[in-house]
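A.B. asks: Model the full assembly from the supplied sequences, consistent with the hints where possible.
Listed below are the residues making up each chain.
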Amino acid sequence: EAQVTQNPRYLITVTGKKLTVTCSQNMNHEYMSWYRQDPGLGLRQIYYSMNVEVTDKGDVPEGYKVSRKEKRNFPLILESPSPNQTSLYFCASSFAGGSNQPQHFGDGTRLSIL
Amino acid sequence: QKEVEQNSGPLSVPEGAIASLNCTYSDRGSQSFFWYRQYSGKSPELIMFIYSNGDKEDGRFTAQLNKASQYVSLLIRDSQPSDSATYLCAVSQAGTALIFGKGTTLSVSS
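These protein sequences, in sequence, are chains A and B. Each number in the numbering used here comes from the position in the first sequence (counting from 1) with 211 added on. Each number in the numbering used here comes from the position in the second sequence (counting from 1) with 969 added on.
Hints are computed from structural coordinates only; laboratory data are not their basis. Take the hints with a grain of salt, since some may be wrong.
As the list claims (entries may be wrong) - Ranges between beta-carbon positions, derived for each pair: (1) 997(B) - 272(A): 21 to 29 Å; (2) 1037(B) - 227(A): 46 to 54 Å; (3) 1037(B) - 323(A): 41 to 49 Å; (4) 273(A) - 1011(B): 38 to 46 Å.
To be verified - Selected chain A positions facing chain B (Cβ under 7 Å, derived; list incomplete): (5) 253; (6) 254; (7) 256; (8) 269; (9) 301; (10) 309; (11) 310; (12) 311; (13) 313; (14) 316; (15) 318; (16) 319.
We put the CB at the ideal spot given by N, CA and C, even for glycine.
C.D. replies: In structure tokens, the structure reads:
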């Protein structure tokens, strides 16, 4: 089954404790992206990757890191999480053509930073 | 700041009616336009995408694009209660970034 898999689905943690949210897709997609969704602010792009070893900042990259060492994986790293990073996070992927192609979304990760 | 604007709603229509959802965008260089549906607590799912001026139909859904007016819309014919959701307009910036509107909440009453 074609899918984008995020883990964990839910996480409650404390300020300053490094965490990684994993994202994996099995569709051989070149483009991958991370978004956060907050009430009243909608979906905002954090980082995107056009291909392996190619990443770039979206609208709200502060406090986040990403890497793209393999085509299928695009982890989101919070080196020192803070309460303002409490949010619902989505990973998405699409075929070559970047954001001009429809994106497939993972089921989301709900992060709470205390 | 490149923006995508949508009325937040809620837009309320009776079952069987046509629902009309609208979106405007600020970047004239935008190339691709998407409508996603999102149920509460779920991930966005693609409804329609459109690249060229004009209309594109898929079942009960029609996307309309007018690049001169920087306007894209989604029409839902024969609205059903199961169509009740938040509809997100998304615009591609040069094939790299994707900018979403804040979404319009649609409520279809039976």
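A.B. asks: If any of the earlier hints don't hold here, list their numbers in rising order.
C.D. replies: Those not satisfied come down to hint 4.
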